[in-house]
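Heads up, the sequence shown is in our numbering, so the first residue is 16 and it goes up one at a time.
Source of the hints: derived by calculation from the structure; they are not laboratory data.
Because the structure is a prediction, the values reported are computed rather than measured.
Heads up, a few of these hints could be off.
[To be verified] Straight-line distance between alpha carbons at most 30 Å, and here's what the computed BS3-like set of lysine-lysine pairs gives:
#, residue 1, residue 2
1, K360, K297
2, K886, K752
3, K98, K220
4, K175, K752
5, K187, K297
6, K356, K297
7, K798, K843
8, K798, K879
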Amino acid sequence: MMALDRSRWQQLSAALDTLLDLPPDLRAARLDDIAGQDAAFADELRRLLAQQDSCDSLLDSPLITAPPGPREGERIGPYRLEKLLGEGGMGQVWLAERADGLYQRHVALKLLRPGLADPNLRLRFTRERQILARLAHPHIARLLDAGISAEGQPYLALEKVEGEGLLEYCRKRGIGLRQRLQIFRQVCAAVSHAHANLVVHRDLKPSNILVTEAGEVRLLDFGIAKLLDGNESDPPEATHTGVRSFTLHYAAPEQIRGSAITTQTDVYSLGVVLYELLTGEKPYRLKRESHAQWEEAILAGEPLRPSVTVMRSGNDEAVPGIERRRWARMLAGDIDNIVLKALAKQLAERYPSAEALSLDIQRHLDGLPVLARPQSLGYRLRKFVSRQRWAILGTALVLSSLLSLLLLIWSQRQQAVRETARAQALQDFVIALFDNAGASGGGLPLDVESLLDAGEARGERELARQPRAHAELLGVMARIRIALGQYEEARALLMRQAGLLDAMPDTPKALQLDASTQRGRLQRLQGDAAGCIATLQPLQGEARSAQAQLPALVADYYSQLARCQRSVGERDTARQLFQQSLSLRRSVLADGIGVVENLTDLAALSVDAGDYPQALRGFQNALAQLRQIAGTRHRLAIDILRSIATTQQQMGQSAAAARSYDEALQLSEELLGTAHPGSIGLRRQQASLLLLLGQLQQADEKLRFNHGLIGQRFGANSAEMAASWDALGQSAHALGKLDAAHQHYLRAQRLMRELKLNTALADTLQRDAQVLLEAGRSEAALKNLQQASRLRGAPTAENLIGQAQASMQLARFADAAQLLDQAQMLEKTQAPIWIAKARLHAFDPDANAAARQQSEADLQAVLKLEVKDEKALQQHWQAQAALASLICVRDPQAGLAAYEHLLETLTELRPQGGQLMRQVEADKVICMESMPRAG
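Could you build all of it, start to finish, from the sequences and the hints given here?
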């Protein structure tokens with residue numbers, strides 16, 4: 016058969032890809048469309064399709080002059096081909112196994128289709144490799160290796176993903192709406208990562224999205240469309256036949272028109288994928304399924320609302336085990352509007368990015384108003400009530416108490432005139448505020464935060480002559496701000512309230528006590544426990560004298576002061592205060608929720624004392640009582656579940672702790688929202704556990720998600736952002752990304768210095784020192800450690816051990832020994848010292864045999880200790896590594912075997928690697944180099 020010229024083949028190849036993706040009836044209709052434009056081109060396509068139908072593979076009977084294609088069992092570079100997984104117009108994907116003995120792993124090996132390996136296509140393959148190498152994301156199939164075989168065949172070795180297509184995965188398991196949206200947000204995260212790296216997919220479709228058994232998305236074939244059409248030498252996207260390299264059903268209008276492609280092109284395709292995920296149907300209903308009609312629909316047709324499509328569809332499999340009408344009701348409203356905004360024809364009306372689409376979906380999941388619909392007051396208020404029902408209930412109780420107080424004061428004749436005026440002023444103010452809540456000055460509806468802002472501004476103007484009413488209003492608004500996690504805004508309100516109260520000649524005792532209690536509470540929430548004590552402790556006498564008249568306020572006061580005392584280590588004082596609060600709530604108030612709060616606080620004191628079993632029983636008892644009183648969705652349950660998780664973690668119950676964190680975070684996101692400080696803190700704690708468990712990628716993903724939320728909520732120069740940079744440094748170090756880890760730590764250090772967070776700065780300097788040590792920058796690490804010691808005012812054992820490690824790297828073994836002797840005087844448990852000394856004796860050439868023997872004995876003692884939690888397990892492995900280094904000194908072969916055994920264990924239990932595994936591998940190399948050379 017004659018060889019085709021390259022241009023003609025490229026057009027045929029692209030058209031063939033599109034036709035092979037279509038069902039037979041649509042394929043025939045499309046061929047008819049093509050024949051109307053170019054009959055000869057259509058005939059060539061029919062001939063190729065006929066040969067496709069008669070062969071298992073196009074390559075079984077070559078259509079153009081080409082060298083023989085690869086076969087099963089053939090070697091391509093270090094890989095042995097096992098099975099052809101799929102092919103397109105340009106390439107093939109094979110299941111292959113690493114066959115050079117370096118390690119065992121199955122990969123998806125991507126090859127150029129035989130006969131097409133011309134210089135331009137090789138250049139494209141190189142560009143694809145470069146782009147895939149940049150796309151390091153948990154939800155994108157990873158590039159593992161790349162090269163050119165001895166025969167000149169370029170290859171890309173990609174992560175082999177075991178999973179099902181997105182639609183099939185959800186259909187088989189009857190996945191519900193919320194989980195489908197959460198899975199789809201993983202797709203958005205992957206696409207957003209690509210966009211951040213200047214890569215536009217341009218062919219997003221369900222078949223390119225796999226979901227693993229664990230529910231984790233992997234996006235495949237990233238960068239292909241970009242590479243096929245990315246420069247002047249590439250063939251144009253639209254040929255004279257109208258066939259394009261993208262998949263028509265998921266194409267954006269600008270792709271059909273041949274207009275400029277942007278990241279919003281992928282947003283449209285994501286909208287089509289989301290539509291199909293939720294309805295089982297494509298967005299457009301056509302009278303005739305032809306290529307031309309699809310193009311017309313994409314350019315000018317209006318998609319049906321997903322909720323309408325579900326009701327009209329006969330595809331019962333798309334509805335996961337519930338009645339179709341109910342599924343449609345779940346889609347109606349927010350979801351309909353989100354999908355249609357993603358499918359907007361005009362770029363200005365479409366979501367600007369995949370991240371914006373994802374965030375709007377999250378807003379819907381959090382019960383927040385979405386951006387994809389008109390923001391009426393009624394809509395926003397309904398959202399706020401559904402999202403903050405417990406915060407609103409608490410606020411309603413406060414308002415109810417204030418109204419009761421107004422009625423009581425009204426009845427007191429000696430204050431009748433003054434109190435009537437105050438009550439009327441407050442009533443008129445609130446009514447006027449809500450009467451004007453429907454619109455801002457520009458005629459736009461106000462959300463709840465805007466309502467609070469407006470209330471604060473109007474309060475300054477309209478309650479200026481009613482300072483007590485104004486102070487009460489500020490207190491209520493501050494409570495709402497605290498419930499929303501808006502601590503700085505709440506602080507400003509409470510400071511303004513304090514100024515008003517100080518200027519009043521006769522501040523009521525109840526108002527003064529409540530205001531001070533809320534100020535102390537906020538100080539503790541912002542990490543200033545000492546300030547909280549300074550605010551609250553002077554009021555103890557007044558609180559005791561007011562117990563009979565104000566039991567609820569006094570009980571709350573005792574609880575808040577006790578929590579601050581606990582934060583500074585005054586456990587006995589805290590216990591007495593908690594007991595006093597519990598007595599009032601149990602005996603006088605019959606306050607079930609308050610009793611649960613105090614039981615939780617008392618259990619936390621058991622944690623502080625190290626009595627974890629007692630603490631766990633206390634937390635579980637408190638949670639059981641709460642669920643009996645208020646059901647499963649009370650805000651207090653979040654804090655109790657968090658405490659249960661941390662206690663289980665301390666007890667070595669890692670799997671149970673992970674489940675408790677999951678439950679707490681899910682409830683927090685539902686009740687408080689994804690970006691609430693409580694949710695952010697839980698996600699950070701969850702990530703810390705994942706790092707300990709060796710689930711490094713998952714931990715890093717959570718911390719990166721947190722980082723974006725923290726920047727939006729707290730700002731780039733906040734203490735929260737400093738802590739986030741520190742957390743990202745820890746995950747990057749665990750993943751072996753030393754440069755990134757160091758940069759993250761430097762950003763954290765800059766903020767901590769600016770904010771004078773000296774304790775946190777000392778911790779970060781010490782963690783950064785470990786990164787510098789691994790990078791071989793011993794002097795810089797030593798400088799960090801010495802600076803951390805100065806900030807603390809005295810060295811810690813951990814710090815001195817770090818300085819000893821740096822001294823060892825610098826071959827200052829005598830200094831290292833002296834530092835470890837100092838650390839031994841400070842460390843309560845000897846195991847970390849023994850491990851460090853063992854490494855010193857192993858690597859110090861002047862260490863004597865007796866010292867090494869003693870270190871071996873010490874390490875054997877460490878290895879006999881009970882491994883009760885993840886930290887103890889890490890210590891156990893560190894002891895094994897140190898022992899292997901000592902054995903290697905006297906018997907390199909035995910030492911090497913010890914290293915191999917430990918690496919086998921680490922590979923099995925920590926498949927994602929980590930700092931310890933890298934250290935063991937480096938020590939093993941040193942041991943191998945010490946072995947005598949043959950000959």
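Results of checking the hints against the structure:
no. : hint        : verdict
1   : K360 - K297 : holds, 16 Å
2   : K886 - K752 : holds, 22 Å
3   : K98 - K220  : holds, 24 Å
4   : K175 - K752 : holds, 23 Å
5   : K187 - K297 : holds, 19 Å
6   : K356 - K297 : holds, 16 Å
7   : K798 - K843 : holds, 26 Å
8   : K798 - K879 : violated, 36 Å
Hint 8 from the earlier list is the only one contradicted by this structure; the remaining hints agree with it.
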